[in-house]
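Given next are the chains, with one letter for each unit.
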Amino acid sequence: MERTVTLDAARYDRLWRRHLDRLVFYAHTLLGDRAAAEDAVQSVFLRILDRGRLPDEATEASYLFQAVRNAVSNELRSRHRARRAAESLFKPGAKDPREEAELTEFGRQIQAALEELPEEEREAVVLKTWGALSFPEAAAVTGVSDKTFEHRYYRGLESLKEKIGVRDEQV
Amino acid sequence: MSRFEDRLTLLTPAPASETLRTRLAQAAPRRRTWTRTVPMAAAAAGLIAAICFTLLKAPPGQPARPNEAEKEFRRIEETLRGASALRVSYKRVAELLLPRPQKVEDEGLLLLKKGSRLNFTTTETFGVGKPNPTAVTFIYLCDGAAGVTRVKSPQGVKSVQNVAVHPKDLNEKFVLSLARDSIAVATTMLHLDLAQLQGHLEVSELASRTDETGGRFLSYKVKGFDAKLWFDPIRRLPLKRVLTHPEMGTFTETYEGWELNPDLSEDLFRLPE
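As they're listed, the protein sequences go chains X and G.
If you read the first sequence in my numbering, its first letter stands for residue 1, the second for the next number, and so on.
If you read the second sequence in my numbering, its first letter stands for residue 172, the second for the next number, and so on.
Treat the hints with care, since some could be wrong.
[Said to hold, decoys possible] Stretch by stretch, here's where chain X covers chain G in the computed footprint (C-beta under 8 Å, at least three residues):
#1 172–181
#2 261–275
#3 342–351
#4 376–385
Derived from the structure by calculation, the hints contain no laboratory data.
None of these values were measured; they are calculated from a predicted model.
Backbone N, C-alpha and C fix where the C-beta goes; we use that ideal spot for every residue, glycine too.
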């Protein structure tokens with residue numbers, strides 16, 4: 001049995017390089033396990049290769065997040081519960097050592113607070129903030145209306161602020 | 172964007188591992204077109220596995236073990252059944268072929284609480300896409316002891332008797348309708364007793380499938396319709412269902428804002444004076 005598949009290799013390459021880190025981040029926040037998150041993301045790209053068809057460029061981000069969400073759902077279903085995150089979600093990003101230390105501490109607090117958020121709120125904050133999706137795109141990924149998604153997002157933000165014990169003006 | 176949101180965006184997601192990057196880079200096609208060959212041995216193994224599965228699935232004289240799709244379907248029903256109360260919004264688009272081609276849209280909110288407490292409001296718009304669509308709102312209320320159906324139409328509000336809401340087994344009837352068929356038709360079947368409804372909504376040919384984005388759905392047959400049910404595999408709740416009948420048309424129903432065990436005041440189920 002033979003199957004010939006046509007696929008734009010250069011576009012495929014751009015596709016995974018453009019979205020890989022934030023997809024792994026998203027899966028990591030859902031699964032609480034870096035290795036499992038990478039496996040889930042890998043399965044999505046291998047599925048694309050297998051199908052031999054790339055998603056439309058206009059909707060590729062929401063397509064990929066949705067596909068990762070499905071892969072994660074299947075993984076969670078098979079293991080029944082998520083493990084808690086052990087590895088850091090964020091990488092040190094600042095050049096100035098003092099700023100980097102502050103940012104690292106802030107990242108640590110946010111990671112701990114994220115883990116305590118209800119799943120729906122955590123997902124909303126992650127998709128919007130680090131997935132860089134618009135409200136309609138992120139709402140489509142999670143299968144809810146724009147209004148419901150916005151509500152979850154802002155409730156999640158408020159919970160984060162409460163959990164790390166700062167008011168907006170202090171941040 | 173608030174200062175807090177700005178601050179969050181300063182945090183950069185940790186990069187994916189080099190191992191994953193290497194795997195994805197190596198998996199990419201080196202040419203624009205390539206040919207993949209599935210070894211005949213693998214195909215033969217698949218055939219043998221299928222035969223074994225068929226033989227093992229239903230040993231003579233024994234009932235077949237429920238397959239994964241059946242288990243999944245039952246889990247959805249159990250999730251709904253296990254909730255002491257639930258709230259869900261829904262939309263339904265019916266593209267009817269009979270008695271003449273037309274589009275009807277329904278939109279509503281279901282509040283259901285153990286003890287046959289029901290507050291279900293649905294607005295049905297007939298003649299969608301036509302010059303003068305007509306909207307009629309149905310309100311089904313039950314306080315656990317008695318039920319009433321009210322209709323709001325351009326002609327006014329009135330109570331109707333021909334779609335009476337019977338309290339008996341109300342929760343289970345909605346569970347069955349939500350899991351297998353549609354919220355919208357639940358109300359048209361409230362006059363049936365539970366055994367009749369179970370027979371009417373008997374499901375066959377259940378199979379678990381995956382769409383092109385990896386989303387899992389169940390396909391089955393109910394009431395002569397081909398049904399596809401997309402569901403949230405984590406919360407085990409229906410998300411979308413498409414029912415197709417060659418003569419009657421296509422019904423697409425979506426559910427959102429699921430809340431299980433919300434605190435629903437008894438006032439919501441109080442019958443009008």
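The hints, checked one at a time:
| no. | hint | result |
| --- | --- | --- |
| 1 | 172–181 | holds (count 8) |
| 2 | 261–275 | violated (count 0) |
| 3 | 342–351 | violated (count 0) |
| 4 | 376–385 | holds (count 3) |
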